[in-house]
Amino acid sequence: MTDIAANPLNEPPKTVSRSLFQLALIRFRRNRAAMAGCVTLLLIALFSFLGPLFVPHTYDQVFPSYVTIPPSLQPRPDVSTLQEVMDGVAARARVKLEAFRVEGQAFTATISSDEPIDPRATRYFDRANEFRDTKVEATENDGRVLKLSGQVNREYFPFGTDSNGRDLLARVMLGGQISIAVGLLASLVSLGIGVLYGATSGYIGGRVDNVMMRFVEILYSLPFVFLVVVLVVFFGRSFVLIFLVIGAVEWLDMARIVRGQTLALKRREFVGAAQALGLTDWQIIRRHIIPNTIGPVIVFVTVVVPKVILLESFLSFLGLGVQAPLTSWGALISEGANNIQSAPWLLIFPSIFFVATLFSLNFVGDGLRDAFDPKDR
Amino acid sequence: MIAFVLRRLASAVPTLFIVVTISFFLMRFAPGGPFNLERPLPPATMENLVRTYQLDQPLWRQYATYVSNAVTGDFGPSYVYKDNSVAELIGKGLPYSMELGFYALLLALIGGVAMGTVAALRQNSALDFGIMSLATVGTTVPNFVVGPVLTLIFAIVLSWLPAGGWGDGSLRFLILPMIALALPQLAVFARLTRGSMIEALHADHIRTVRAYGLPSRVVVVTHAMRGAMLPVVSYLAPCAAALLTGSAVVETIFTIPGVGRYFVLGAINRDYTLVMGTVILIAIFVIVFNLLVDILYGLLDPRVRHD
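Protein sequences appear in the order of chains A and B. Everything in the first sequence is counted per the UniProt record's numbering, starting at 1 for the first residue and increasing by one. Everything in the second sequence is counted per the UniProt record's numbering, starting at 1 for the first residue and increasing by one.
Since the hints were made in silico from the structure, they are not lab data. By construction, the Cβ of each residue, glycine as well, lies at the ideal position given by its N, Cα and C atoms. Be a bit skeptical, because a hint or two may be false.
To be verified - Derived list of chain A stretches under chain B, where covered just means 3 residues or more per stretch with a C-beta under 8 Å from a C-beta of chain B:
no., segment
1, 148-160
2, 254-264
3, 297-307
To be verified - To spell it out: a stretch of chain B is covered by chain A in this simulated footprint if at least three of its residues, at any positions, have a beta carbon under 8 Å from a beta carbon of chain A; those stretches are:
no., segment
4, 20-30
5, 127-138
6, 221-234
7, 288-302
Whole structure, please, built from the sequences with the hints as guidance.
Take a look at the structure:
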């Protein structure tokens, strides 16, 4: 008996014991909305990070002939435009265009003339921007009729192009990479600092709490723009710095919220019991206080992520964040907002991805909250 | 309680002092100055300006001068808005920002708490889903998008409301900027309320009052709400401070003569005294609202005690 009393964990229980984390995982898997959110997030991440491999254009490639064109699934230029160009070419080569067809990336044409045509006339076709690799396929009627084939330079812009003639699809993908990275890392930084700081401040209380919270007030009031400028001056502009700065600003709200919860939690019976059992402050904060603040914390994380992503665009606007031709969803959205009447697709496409990401994130957040809630067994 | 408030007010003085000190030097370490314009000024003009504003003095002396003047309520002249002192600029703009911010705060708080409560009471229903989707859109769509979209719909297409300006200060002019300002905060309040309301409704004392047969409205509004408001109140302090001191984006879009613009413009123009003015302004709001919130904690949850 003494053995067991001293070491109750040595007795293996009949059922398989599950850790808090395992339990949470099982409950999370059962939550359909949360799993759907996970899948969507994964798809958006794949789109952003692997998508560029499948898009022929790069994010900084400029197409001067396709500036601010609306999105379309049809390749550009379209057939009627090509027909016009072809007519022009034929006129320049002094031949008659008998037939012209475009199929995907290739074209075939039949030209005729009263005199035998010099096969070098194909150069006239290659000279047009739209056509290349023109070859003579067949000669008929002693060279008076030539059948030509060649390649058409046609580009697909399913999302349209921006005011510099860059493919919006490639830019949304790149923006996704940067925004997802900034959003995730900065939110994790703010989550980590905010929860630990708030819980410690609230739990210890008294003079420590007073000093710690005055420190938060000081950070709140510092002029954010100058904080960033000075950091950039000292450490140079870097990607890591951006999310460190954002994380360093966004943890303040989190700390206040966690502290508020902790103030009420620390008077609860289970905390008193833990104190009576002789747990150290750190153990109580880690095992009892922090898990019980999970509800508001997760809700607030889902709020911080969009804030962080948009804050990044503000930094970019000040010339301190990512700079063109690099971009982010926030930067794309603010660019789109400026062209809302003339080119609404510049706002719509990045917004769709941004909103979809945050919707799924909210479902995942709610799922995590339910899964980790220590009161709900 | 009175001792607590007095102690906190006393600790506000060193807090403000530290804020002023760090901001002052932080600002000066940043490159650029108020008179470094794109087209450089003639050296003689530059020298005169620098001497007039005492920018040629050593930094510590400028700091000492600033602090000793600020204590007496003199926050110096603005470098960019000539003929205006910082106190005048803020004094003129603040009432506009505060009035707009107050309405926006009211809308965000009441709307957010109401929506969050309804969503929590109908957890996982279509209504819950709808409200939370709306809240997600609210947090996601930035106000530099909401502003132009609202103007486009209500001012330009429907022409129901003015597109901007303060006008005679009547509600018609305030509605659109108020919505643009309140929407993101409303969404945060709704999400926070829903989460903690769901938890509060499962608490033992709620089951008890339900078992007593109290009407569901009383249970929710007077009993569950009290416990559920804790995270909402926590967020209220930074939110109120931010809303009441104006927003650069919303004030620019709707051409409102508030102080929100000065936060960004002051920093961009390196208008040192104006930046210091805005820093002190926001610090006072943050300190006051944090104090109010700490008092509210005790009223909402008697277990919270400030020793």
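Within the assertion that chain A covers the segment 221-234 of chain B, do at least three residues meet a Cβ-to-Cβ distance smaller than 8 Å?
-> Result for this restraint: holds, n = 4.
Coverage assertion for the segment 254-264 of chain A with respect to chain B, Cβ distance below 8 Å, three residues required | The restraint on the segment 254-264 of chain A holds, since 7 of its residues have a Cβ under 8 Å from chain B and three suffice.
Given as covered by chain B, does the segment 148-160 of chain A meet the bar of three residues or more with CB within less than 8 Å?
-> violated (count 0)
Against chain A, does the segment 20-30 of chain B show at least 3 residues with beta-carbon separation below 8 Å?
-> With 6 residues close enough to chain A, the hint holds.
Within the assertion that chain A covers the segment 127-138 of chain B, do at least three residues meet a Cβ-to-Cβ distance smaller than 8 Å?
-> holds (count 4)
Quick one: see if chain B covers the segment 297-307 of chain A, three-plus residues with Cβ-Cβ under 8 Å.
-> holds (count 7)
Are 3 or more residues of the segment 288-302 of chain B near chain A, judged by a Cβ distance of less than 8 Å?
-> n = 4 at 8 Å, threshold three: holds.
In summary, the one numbered hint that this structure violates is 1.
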